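K.L.:
Sequence:
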Amino acid sequence: MKGKEWYQADDVAEEYDAKRFSRGGRLIDRREKQAVLDAVGPVEDRDVLEIACGTGRFTVMLAERGADIVGLDISDAMLAQGREKARQAGVDDRVEFMRGDAARLPFPDDHFDAVVAMRFFHLAPTPRKFMAEMARVSKEQVFFDTFNDFSTRVLYNRLLPMGSHLYGRDEVEELLDSADLELAGADHDFVLPYGFYRKIPDAMAGQFRKLDTAIGGSSLGEKLCSVTWWDARV
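Residue numbers (the UniProt record's numbering): 1 to 234.
Please keep in mind that the hints were generated in silico from the structure rather than gathered at the bench. Fair warning: this is a prediction, and the values are worked out from it, not measured in the lab. Watch out, some of these pointers could steer you wrong.
[As the list claims (entries may be wrong)] Capping the alpha-carbon separation at 20 Å, the derived lysine to any residue pairs in SDA-like fashion look like this:
no., residue 1, residue 2
1, LYS199, LYS210
2, LYS129, ARG99
3, LYS223, TYR194
4, LYS223, LEU211
[What the hints assert, rightly or not] Pairwise CB distance ranges (calculated):
no., residue 1, residue 2, range
5, GLU173, GLY206, 31 to 41 Å
6, GLY90, GLU222, 36 to 46 Å
7, ARG31, GLU173, 16 to 26 Å
8, GLU182, ALA203, 39 to 49 Å
9, GLN88, ASP170, 41 to 51 Å
10, GLU174, ALA203, 37 to 47 Å
11, ALA184, ALA18, 27 to 37 Å
12, GLY66, ASP177, 32 to 42 Å
13, ASP93, LYS199, 37 to 47 Å
Every residue, glycine too, gets a C-beta built ideally from N, C-alpha and C.
Work the whole structure out from these sequences, hints included.
P.N.:
Printed below as a string of structure tokens:
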């Protein structure tokens with residue numbers, strides 16, 4: 001099963017977090033959440049939209065910090081996982097999970113203070129349309145990530161169940177220009193790809209992470225890193 005059908009299957013949603021964020025994947029989860037918090041900053045009483053929210057990892061985290069947040073996704077099964085997460089965290093009064101199409105967001109212009117999209121643009125079939133919609137509904141900020149074309153991710157990219165588009169910096173900058181967004185910052189990380197970390201124990205992942213950050217902090221780091229978090233302003 002491929003593409004959207006694979007993503008929306010009940011069993012995929014039920015196993016999604018366990019497969020990606022157990023073992024060494026815990027390290028990825030912590031780093032991604034920190035990237036979001038560093039970029040979005042204090043969120044108390046801010047209106048935030050997360051598109052492609054999946055099981056609500058970031059949605060619930062931001063709600064716990066006081067954001068009023070909408071999580072939008074195409075998968076009912078993923079949204080059900082997110083709702084249960086919010087209930088268990090005691091933040092379901094601050095979160096609304098909606099099924100919807102990120103290419104046609106059901107919100108007026110300038111509706112949110114910030115719009116976040118994690119693990120989305122590598123799957124986006126029409127990235128310009130999605131970026132334009134994110135920019136339209138945001139008053140201030142758009143934050144998203146990409147997987148990069150000159151990186152170790154190319155070693156297994158074609159084997160992924162939903163495929164994956166890899167981006168170069170020029171392509172991202174053109175995408176931002178097309179939506180009249182201004183790049184405010186970019187944070188590059190993970191020379192060793194996500195797939196590697198998910199295969200090893202958490203304790204071992206920490207040791208490899210030391211090597212990873214050492215290479216990432218060198219002059220080659222930006223070129224070799226497999227993921228970039230992009231912070232843009234409206």
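K.L.:
Check each numbered hint against the structure and report the violated ones by number, ascending.
P.N.:
Every hint satisfied by this model.
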